[in-house]
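Asks: Residues per chain, in single letters:
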Amino acid sequence: MTTMTEELKEPNSQAAPTHATPKPQVAAGQAAKSVAGRVKIDVQNYSAWFREKRALYDVSLTMAEKEVTAIIGPSGCGKSTLIRAFNRMHETVAGARSEGRILMEGKDILGPRVDPVEVRRRIGMVFQKPSPFPTMSIFDNVAAGLRLNGMRDRRVLEGKVEWALHKAALWEEVKDGLHKAGAALSGGQQQRLCIARALAVDLDVLLMDEPCSALDPISTAKIEELILELKQNYTIVIVTHNMQQAARVSQRTAFMLNGKLIEYDETGKMFTNPSNKLTEDYITGRFG
Amino acid sequence: MSFDFQARRRYIDRIMAALCAGAALLAFIPLASLLIYVTSQGLSRFDWAFFTHLPAPVGESGGGMGNAIIGTLTLVFLASLVGIPVGLFAGIYLAEYGKQGKFAWLVRFTADILSGVPSIVTGIVAYQLVVKNMGHFSAYAGGIALGFMMIPMVTRTTEELVKMIPLSIRESSLALGVPQWKTILQVVVATARNGILTGVLLSLARVAGETAPLLFTAFNNQYWAGSPNQPTASLTVQVFTYAISPFDDWHAQAWTGALVLLLIVLSINLTARLVFKNSSQMLR
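Residue numbers (this note's numbering), protein chains in the order written: chain W, 68 to 355; chain P, 1391 to 1674.
Hints listed in this document are in silico derivations from the structure and should not be mistaken for laboratory results.
A portion of the hints provided could be inaccurate.
Computed cross-link-like contacts, DMTMM-like style, restricted to lysine to aspartate or glutamate with a CA-CA straight-line distance of at most 20 Å [stated by the list, open to error]:
(1) P:1572 - W:207
(2) W:196 - P:1450
(3) P:1572 - W:185
(4) P:1572 - W:158
(5) P:1572 - W:296
(6) P:1489 - W:207
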């Protein structure tokens, strides 16, 4: 127990990042490189701050293409901060800054000449609270990403909207009422609408920040099914509070605690035979 | 012992409820009496001639306030050309970019001060700025004076409403790869659209009923104003002129003018409420 409390003590944020803490840790990122499939996302020593408060400490890992990677950890561990770095949403918060590199297919998306708007067009995000645009119909919601970026051709839009709604497994339920308000759908349907909206803009990577936290179990199950289908075409990163969900949908899981990456491994191995004691304690419910 | 205590509590409770009801009724009385009185006094001359005829020459009976009604509508329209764009963009700026910073603070402060300036002072300033330079009274001057009054109202309501749009909407739009300015204009403001419209309508209703700023700017006109470049009659100034006159006939017409003004303001307010009811602000 003493080792655990030592580990859990908030590190002095003024101190330089100490890698000297002896932790039996799987070298983060190593396992991924040996997996089949190209490396899609390569995080190299990424740290993030909200003004003076440090949120992430030198996180490094790689994610493979067309796989689902889950990020788990207790509240406040930095998982949302990390995922929001991938589509450069972190910097939209006042006072936010970061260091390190994040490479998408080899190119640093945090580079000085990289336009965040372009990054976000390739890397989409679905948030915890389903947020369809309230004044728009279902059709307009799904088409929003395209329309707001200049696409006007009605037929192309219709084609893309239908495709996206199919991909999000929502087409059958809404095809007769595309002009109805997006906000009139149920919670699970709204979230699938948001997924369709994100997919419509031709993504490579889909980030999901606790997409099912606000939903009932049936909607959750539908979305998990959707995730497993989507991974055939997209790289998916999902942040979740729910360990069982991570076990169900992901191929690899990253466990974070207090802004540090503790362990990152294949999901099966992580949940049955974790290498790090902290991981084991979290998974077995000793804290969290 | 406890039984007495309960009875006393019920007794006090009933007295308090009665006092509250009484106070509500008391608040209602001025409004009700105003509406009833204006309607009863104003109905006598409420006819087609009132809306279509010009004022009759002094001493003669008959005539109407057709030009004043058109004048008020013209002035409100001109005011909105000044007040709406400035107010809207100032409000959006304050809500989106003005969380901190000296400039944002200054804008807010100025808007608050401006909304407290007596309307006659605004009128005199507009006189100095516009009428003196143009050399004559005009609807433009009146519109500018009223527009100055509209700006702080529209700014503040726009700011409040845009701020109310939840962060999730903004983030959803940004995450789709929509640039910041487009997110603000085409997503956030579009979502706040109905609420902003309500605020605009309410400020229009407010300036439609102003008299003092028009006294030195649009002045008055006994004829149809040929263009906005001429002095223009308005319901408010006309009612004022007739009310202080010695003629009974004019007094009656002043009442009718007041009634028409009231109807205009009430209908704008009603429209504003209906618009707000249908807005997304209510769909929570």
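Asks: Does each hint fit the structure? Answer for all of them.
Replies: Now for the hints, and whether the structure bears them out:
no., hint, result
1, P:1572 - W:207, "holds, 16 Å"
2, W:196 - P:1450, "violated, 71 Å"
3, P:1572 - W:185, "holds, 14 Å"
4, P:1572 - W:158, "holds, 18 Å"
5, P:1572 - W:296, "violated, 33 Å"
6, P:1489 - W:207, "violated, 31 Å"
When the structure is compared with the earlier hints, violations turn up for hints 2, 5, 6 and for no others.
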